[in-house]
Every structure is written in C-alpha cells, then in structure tokens.
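In order, the protein sequences belong to chains A and B. With the first letter of the first sequence counted as 1, position 91 gets the number 91 in the working numbering; the numbers rise by one all the way through. All you need for the working numbering is the position in the second sequence, starting with 1, plus 1000.
FYI, nobody ran anything at the bench for these hints, they're computed from the structure. Being a predicted model, the structure only gives us computed values, none of them experimental. The C-beta atom is built at its ideal place from N, Cα and C for all residues, glycine as well. Do not take every clue at face value.
[What the hints assert, rightly or not] Coverage of chain A stretches by chain B, computed from C-beta distances (three or more under 8 Å per stretch; other residues unrestricted):
id, region
1, 167 to 173
2, 184 to 191
[Claimed, not checked] On the chain A side, residues computed to face chain B include the following (Cβ under 10 Å):
id, residue
3, 27
4, 134
5, 148
6, 151
7, 158
8, 178
9, 179
10, 195
11, 199
12, 202
2 protein chains.
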Amino acid sequence: MSAVINHRKGAVTREAIIDRAYLMACSAGLDQLSIGSLAQAVHMSKSGVFAHFGSREGLQLAVIESAGLRFGNHVLVPALAMPRGLPRLRAIVDRWCDWVRHTSDGGCLYLAAVSEFDDRPGPIRECLLQHETRWRHELARAIQLTIDVGELHADTDPQQLAFEIYSLALIVHHDSGLFGYEPARERGLRAFERLIRSYSPTR
Amino acid sequence: MSAVINHRKGAVTREAIIDRAYLMACSAGLDQLSIGSLAQAVHMSKSGVFAHFGSREGLQLAVIESAGLRFGNHVLVPALAMPRGLPRLRAIVDRWCDWVRHTSDGGCLYLAAVSEFDDRPGPIRECLLQHETRWRHELARAIQLTIDVGELHADTDPQQLAFEIYSLALIVHHDSGLFGYEPARERGLRAFERLIRSYSPTR
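Here chain A stands alone, though its shape is the one from the complex (with noise of 0.2 Å):
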C-alpha cells in the first residue's frame, strides 16, 4: 500500500518538477535547462531531480511531452468539440493563434526548441520532428473532413493546405513576437479567410 502511496507521490512530484521546467524553458529556451538551476527552483536536491529524468536530455524530452499536451489540451481538444468541416478548422487557427501569442513567458517553446535544436541530430530532434509530424497529421485530417463535408474543393491537397496554414501559424507568432499580438493575428485570420476561400468548391 505505501509504496502504491509513494508510486503516486513520485508522479506528482515528477509533473510538478515538469510544469516549472517547461516554464523555465519558455523563458529561456529548452536548451538552457539545466538540472541544477531546476533542482533550486523546485527545491530539491540535484540528484533527487536526477533520479526523475536520468539526465539533462531525459528531462528534456520529458518537457517536450509536456508541451506537446498542453498545446493539444489548448489547440486540438476545443475544436474537437466543434462540427467537423470550417467550424472546426476555423477553431483550430483561431486556438492556435491564441497559441502561439507571445506573453511574458517568451513564445511557444516548442517553436523556439525547433530553432534551437533541428540541426543537432539526436533524440531530441527526433522528439520534435515526432510531435511535428503527428500536428501536420492532425491538421490534415481535419482538412480532409472539411472535404468531405463539401466545404473545400474535392482537389484539394490536405498536407499542402496543412503547410499553408502553419506557415499563418509562424507568422502570427513572428509577427506577435515583433509587432504585437493583435495586429499579427488580425492578419493572420484574414489570410486564412482568403486561403479558405481560395480552396472554396464554388471558386
């Protein structure tokens, strides 16, 4: 029983651990974390975060998971709430933009460790090219839905319509870094409206 207890204890404390990573490594990049400077800010002892993750790159990874859901829990899981077709890819632009918004934790740190680490093979960017892959896929099929419920045109290339959108995606989140969130998205959803309708069925 108490080592059920302490199985259960461990995992909160590993998504506690976690939680104040990520949010070191929105500031200040995936690559900065360090176990050590974790470790003081959870107040912990170096080796009791260690025995967590194993290493630098395991707490890493770990990290990588954990933004992956949160951005699916922000992005994906509303506009899964919402009719298939343009209501929900309209959600998913709309979540997104709301997504990539730069605020005072420093952008999206998925984007930023793309920056940071797809030139450096290894686990890590296996991690992110796994994440990005399984996104695109996602995006795809609910392109292909709003297909097949007749609200783009029967020719149209999800995985190139997919790559359109996330490029509107990069820019919002650019743009918000730079200039300022409203204009940026402001641009953005009037970019994919003209996207959209350039796929339209009755273009």
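Model the placement of chain B on the given structure of chain A, informed by the hints.
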C-alpha cells in the same frame, strides 16, 4: 598617409572579424557570441577585438548589420535586376527560399536572432525591428509595382500580401530544418503561385 593606411587596415580587420563573428553566430546563435571566443577564432587579443566594437552588444549589432547586407545582396539586389512586376516578385521569393535554406551553418541568423531577442527590450531588438520594417517595406514596394503594372488586382493590400509572402519564407525555413530543403521549397513555391493567383486581376 600612414594614418589613412592604418584607417583602411583597421576597416579591413573589422570586416574580417565581423565575417568570422557572423559565421559563429549563424551556427551557435547571436546570444552565444562572446568577444573572448571570437578573439580566439581570429587569433587576436580580447582587447584588440574589443577596440573595434566597444562592447559585446556593439559586436552583436555589427553582426546584424552584416547579416542585413548579406541578405540584401543575396535576395533583393538580383531581384531588382528583373523587370518590375511578377518577374521581380518571383525572383524575390526564389532568392529568399534559397537564403532560408538550412545549410551546415545552421540556418538564417536573422530569424534565430528574432526568436532569441524579440522578448528582450534593448538596442538589439530595436535593430532587428528596423531591419524587419525595412524589408517589409521593400517587399510591399515590389508588390505595389506589380499592382501598378496590372499583374495583381487593384484592391490588393501590399502590406497584407507582404505578410502572406513572409509567412511562406518562414515555413520554408522551418520545414527545411526538420524535413529537408527541397520538399519545403517545392511546397513554398506552390503556395506562392496559388497566393498570386488569388490576387490576380482577372480572378
């Protein structure tokens, strides 16, 4: 006379130091640039390098200026040799794709610097913002000329289309780092042609 020669020699040395600093910043990030490691790389004393820039920030600003010049020479100058209108706009997009190509030097210094510095107020952020504003302006100008020659619809908003073209450069950069340059470029150019068609005067 010897003062003139010394001045010239100083300018040549400064350029050589910046060239090296640019390469270092491309691969490790502008934020990792230090006068110490740069001095070591160019076989000079720290004080010798320091004398050229006055501070680490002065060095970082000089590197951004240098990146801006390189970008202009690579993307804008050859495009300006093309006839105004779609040929020039296509040349910009084509050269820009080539610029954001991820090579062994680690990708676009400028985009990496924006990701590093957009949430840190100060002279570096200001300098990046100036470069960005100038480039958007050039892009909007090339678009306005394309409207003027009747190759884009008269109601085209040059700033909005510049934003949309910029988004394609961002995703070609992003995808090229994760999935490889060629497929990213191909999708980017396909998206650009579709975008241009959606702004066609005969649509």
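Check each numbered hint against the structure and report the violated ones by number, ascending.
4, 5, 6, 7, 12
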